[in-house]
Amino acid sequence: MLSIEKKTNGDQLTIALTGRLDTVTASDLEKEVDTSLENVKELIMDFEKLDYISSAGLRILISAQKIMNNNGSMKVINVNESIMEIFEVTGFADILTIE
Amino acid sequence: MAIKETELKIPAKVDQLSSVQSFIDGVVEQTGVSMKDSMQISLAVEEIFVNIASYAYQGSDGEAVIKAAIVDDPASIKITFIDSGVPFDPLKKEDPDVTLGVHERDVGGLGIFLTKKTMDDVNYVNQDGKNILTITKNI
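For the record, the sequence lines run as chains A and B.
Counting in the numbering used here, the first sequence runs from 1 upward without gaps.
Counting in the numbering used here, the second sequence runs from 1 upward without gaps.
Fair warning: there could be bad hints in the mix.
What the hints assert, rightly or not - Subject to a maximum C-alpha distance of 35 Å in a straight line, what follows is the list of computed DSBU-like cross-link-like pairs (lysine-lysine):
(1) 75/A <-> 9/B
(2) 130/B <-> 49/A
(3) 75/A <-> 117/B
(4) 117/B <-> 66/A
(5) 93/B <-> 49/A
(6) 36/B <-> 49/A
(7) 13/B <-> 66/A
(8) 78/B <-> 9/B
(9) 4/B <-> 31/A
(10) 13/B <-> 130/B
(11) 31/A <-> 116/B
(12) 117/B <-> 49/A
(13) 66/A <-> 116/B
Hints listed in this document are in silico derivations from the structure and should not be mistaken for laboratory results.
Can you build the whole structure from these sequences, using the hints too?
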């Protein structure tokens, strides 16, 4: 299960994820990324309540990062230790802005 | 030596992923491993099962058998995936270049790469017309 909560503040959008970002749930986030980023200059992905990410989830993060490289900026916040290690092994720690 | 082994036989379909994960979680929980190890096992299981579900039977119906064993000496969790689909050794796939920037990045192949990096052993054999892939995580 994945729940996606969006909060807009001017041209800043925060997407807070709760649960598991896997092969099955990644398509829900993909829809948000495909439809919500127009007019967004700053995208914040809040992973505080995200327990799990698989390569399907990583793929969506790359898509979002590519879009935001053109539109403005993106950062990922509140990443737990287990997910951080996945970012490090895959080189995502260097691609993404993680705070 | 396996202390305890359990088996799940399931249709090789992506929508069965949560059943597969529940089955594995049930085994992993008995070992008291850290959250990090548990997540890495989930991740490897997802990548391998989704691969089987997506490619093994080329669109027709088929089954996957998953065996999970808690082993001592060395203490580890050993998970074996068996399918009767087309022969495919995922370990032959070349590792992706993880140093590339966002625009050059092709995320294909990342799943099996992560599996190889996070498990202590990954082994593939094709035996009696079956793909048999075993992952081992020391605990």
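Holds or violated: residue 93/B and residue 49/A, Cα atoms, limit 35 Å. holds, 33 Å
Below or equal to 35 Å on CA atoms is what counts here, so check residue 75/A against residue 9/B. The hint is violated at about 41 Å.
Between the alpha carbons of residue 130/B and residue 49/A, is the straight-line distance 35 Å or under? violated, 40 Å
CA of residue 66/A to CA of residue 116/B, is that 35 Å or under? Within the cut-off at roughly 27 Å; holds.
For the pair supplied as a hint, residue 31/A and residue 116/B, confirm whether the alpha-carbon distance does not exceed 35 Å. holds, 30 Å
Agreement of residue 75/A and residue 117/B with the hint, judged by alpha carbon distance not exceeding 35 Å: holds, 26 Å
Tell me if the straight-line CA distance from residue 36/B to residue 49/A falls inside 35 Å. Cα-Cα ~15 Å, so holds.
35 Å Cα cutoff - pair residue 117/B, residue 49/A: Holds, because 25 Å separates the two Cα atoms, which is no more than 35 Å.
Distance restraint between residue 13/B and residue 130/B, which requires alpha-carbon spacing of 35 Å or less: holds, 17 Å
For residue 117/B and residue 66/A, compute the direct alpha-carbon distance and say whether it is at most 35 Å. Holds - the C-alpha atoms of residue 66/A and residue 117/B are around 26 Å apart, at most 35 Å.
Straight-line Cα separation of residue 4/B and residue 31/A no greater than 35 Å? violated, 42 Å
Does the structure keep residue 13/B and residue 66/A at a Cα separation of 35 Å or less? Within the cut-off at roughly 31 Å; holds.
Hint violations for this structure: numbers 1, 2 and 9, all remaining hints satisfied.
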